[in-house]
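Since chain A is already given, all that's left is putting chain B on it; use the hints.
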Amino acid sequence: MLLQQIVNGLTQGSLYALVAIGFVIVFGTMNLVTFAHGEVYMIGAFVGYFVMSVWGLPWPVAMLLAMAAGWLLGVFTEKLAFRPMRTVGHMPPLLITIGLSIILKEAVMVTLGAENRPVPSIYEQTIRVGDSQISLLQVVIVGCVALLIVGLQFLIQGTKIGRAMRATAQDHEAAYAMGVNADRVFNIAFALASLLGGAAGVLVGIYYNAVSATMGGTAGLKGFAACIFGGLTSIPGAILGALIIGVVENLTVQYLASGYRDIIAFLVMVVVLIVRPQGLLGNKMRVI
Amino acid sequence: MPLHSFAPRRDNLAIWLPILAALAAFPLVVKNEYILNVGVLAGIYVILTTGLNITNGYTGLMSFGYAAFYGIGAYTAAILSTRYGMPFWVTFPAAGVVAGLFGVTIALPTLRLKGIFLALVTIGFQEIVFLITLNWTSLTRGPMGIPGIPPPSLGGYAFVSNRDYFYLILVLNLLMVFLVARLMGSRVGRTFIAIREDEVAAQSVGIPIFPMKVLSFVISTVMAGVAGAFFAHHARFVSADSFRLDETFVILTMLIVGGMGTLVGPIIGAIFLVIFPEAARFLSHYREIVYGAILVLVILFRPEGIAGIPGIIHSPTKKKSAAGAAPGGAAR
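Here the protein sequences line up with chains A and B, keeping their order. Going by the numbering used here, the first sequence opens with residue 1, and the numbers climb by one from there. Going by the numbering used here, the second sequence opens with residue 1, and the numbers climb by one from there.
If we strip away everything but chain A, and leave its shape as in the complex, we get:
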């Protein structure tokens, strides 16, 4: 049973990781926090629902469309909430994205209702390892997440825009002086973060066979908890944090009470911020 819970936890953790990496990209380049990320993920999940359940198309199409939707939402959010607010501190963009997240969630709620929508199950075959079962779906999900992370690393480390992103993250004024278009870099970084959020939404819909208008709130906060746990600006840290949270959550369900499953991420968030604000792998930074 222990192995089973660890496998389930890692699958779940890998989904949290996609959300968490989005926060890392936004915080790492812009030093800002977005609150609408959970809603981007929810929109991605609904794109997946329409593509797979309503139009009956295969899941890779859903992934691509949801990532495109995420990208567009990201471009829009950055232009609305972050570009005009770059010099006025952390709070205004955070508050605008809170407003935006309320609008997105309620718009979906009003138009599509609050109930769960079904997503067809795929890859139900299982592999037996000892007394636990690993489904093919879990393998596919973890594989997708890994592929996206590798692609992201390639983009950040190996391309011109990636180098511009790294330079802007280190010192956006110096990068600007060297001819980097900071506005464009911020916009692309935000869009990239939202693209990953959209992808995570589709995968979650497939994994749980359901999507709903309210799924974004907790997921966004959990992703952020993982991001804080890992150290806010570290992608490996965020992945590690997300996997640990995923596994501990599943062990909590197994060995403690299922109702307290969601509390793990928030305990981690509170304790890490108080005790070790730089997280697992982050830089030492001034949060106090």
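No wet-lab data here; the hints were simulated from the structure. One thing to keep in mind: the hints can contain errors.
Facing chain B, from chain A, some residues (calculated, C-beta under 10 Å) [unchecked claim]:
id, residue
1, 32
2, 58
3, 84
4, 85
5, 91
6, 94
7, 112
8, 221
9, 261
10, 262
11, 273
12, 274
13, 280
Computed footprint of chain B on chain A; a stretch qualifies when at least three of its residues, placed anywhere within it, have a C-beta under 8 Å from a C-beta of chain B [claimed, not checked]:
id, stretch
14, 98-106
15, 222-230
16, 249-260
17, 264-270
What you are looking at is a predicted structure, and each value in this text was computed from that prediction instead of being measured. Where a beta carbon is used, it is the ideal one built from N, C-alpha and C, also for glycine.
Structure of chain B alone, referenced to chain A:
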């Protein structure tokens, strides 16, 4: 003249006395229970926004977990009255004390954090309180909530109609606003503002920053607690869903729209955002969307709100690593 200069001071009596008289006469003219209920609701939010204004507005501490303390107050009143038969006049202060004790407990470890990090840690706390409320069924009855909370009564007279509640909340509002006005006129209140304006300068003139921040946080949470007690005895039923993060955002939106850092700002914001969706009935389906849109528009175009002090949420970043930014953290 800026709106925030209409503070309820002695020299402004010409403005305030007619408003008060109109409010006092309101239930005598309007008998509609529904409209009076909206009035009572506005009164509850006036306490909440005024309380949140103490930390977020006057002291500049961005607390995002306010509905948790509101819920703690409501549950304290609900449990004390249904299990131990205590009257409103006992549960009301008790809810304030319990919420205040939680406030100290949260404030001590977290108030060293600044800016968004304080906001985030209070969001985490908010979710933890919600999950415990939902799962500790022996104390809170979990998802079923606590029904059957008795109405307040005074010398054998029970407050059952919304007119009674309207007068009760009006008196409580006057008391709260008066106390906050006195607080902010005092040395302690000016200390809060000094901390918001420039913490280093405040420290250099001998202000004990940390104890003062804790005090500000506690006063604010006590107000959330008593508002919760009133809510419990008015709604006669509490459940964890009423005190989630969404509720914090509702209170925060009211405060920002009304304006932070002034006495009238939160009052205007609370009354406006409670009445507006009710008055515009065609919007009633889209209440939350309207709130979100108003929040976005206010931050973009009038960050000081209707009657607030400019510069509280829009604080220009002084240096590159100001306000808790990471020095050169790259997405590696």
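Proposed interface contact between residue 84/A and chain B, which counts if any beta carbon pair is under 10 Å: holds, 7 Å
Hinted contact residue 94/A with chain B - closest CB pair below 10 Å: holds, 6 Å
Minimum Cβ distance from residue 58/A to chain B below 10 Å? violated, 32 Å
Once the shortest beta carbon distance from residue 85/A to chain B is found, is it less than 10 Å? Result: holds, 8 Å to nearest chain B Cβ.
Using the nearest Cβ pair, does residue 273/A come within less than 10 Å of chain B? holds, 5 Å
Chain B contact restraint on residue 280/A - CB to CB distance below 10 Å: Given a least distance of 14 Å, the restraint on residue 280/A is violated.
Restraint outcome when residue 221/A is required to lie within 10 Å of chain B by C-beta distance: holds, 7 Å
Verdict on chain B covering the stretch 249-260 of chain A, criterion of 3 CB contacts below 8 Å: This one holds; 3 residues, not fewer than the three required, reach chain B with a Cβ under 8 Å.
Confirm or reject the coverage of the stretch 222-230 of chain A by chain B under the rule of 3 or more residues with a beta carbon closer than 8 Å to the chain's beta carbons. holds (count 3)
Are residue 32/A and chain B close enough, Cβ to Cβ, to be under 10 Å, as the hint says? holds, 8 Å
At a threshold of 10 Å, is the proposed contact between residue 274/A and chain B supported by beta-carbon distances? Cβ of residue 274/A sits 5 Å from chain B, so the hint holds.
Residue count check for the stretch 264-270 of chain A against chain B: does it reach three with CB-CB under 8 Å? It holds: at least three residues are needed, and the stretch 264-270 of chain A offers 4 whose Cβ sits within less than 8 Å of chain B.
Checked against the numbered hints listed earlier, the structure breaks hints 2, 7, 13; every other hint is satisfied.
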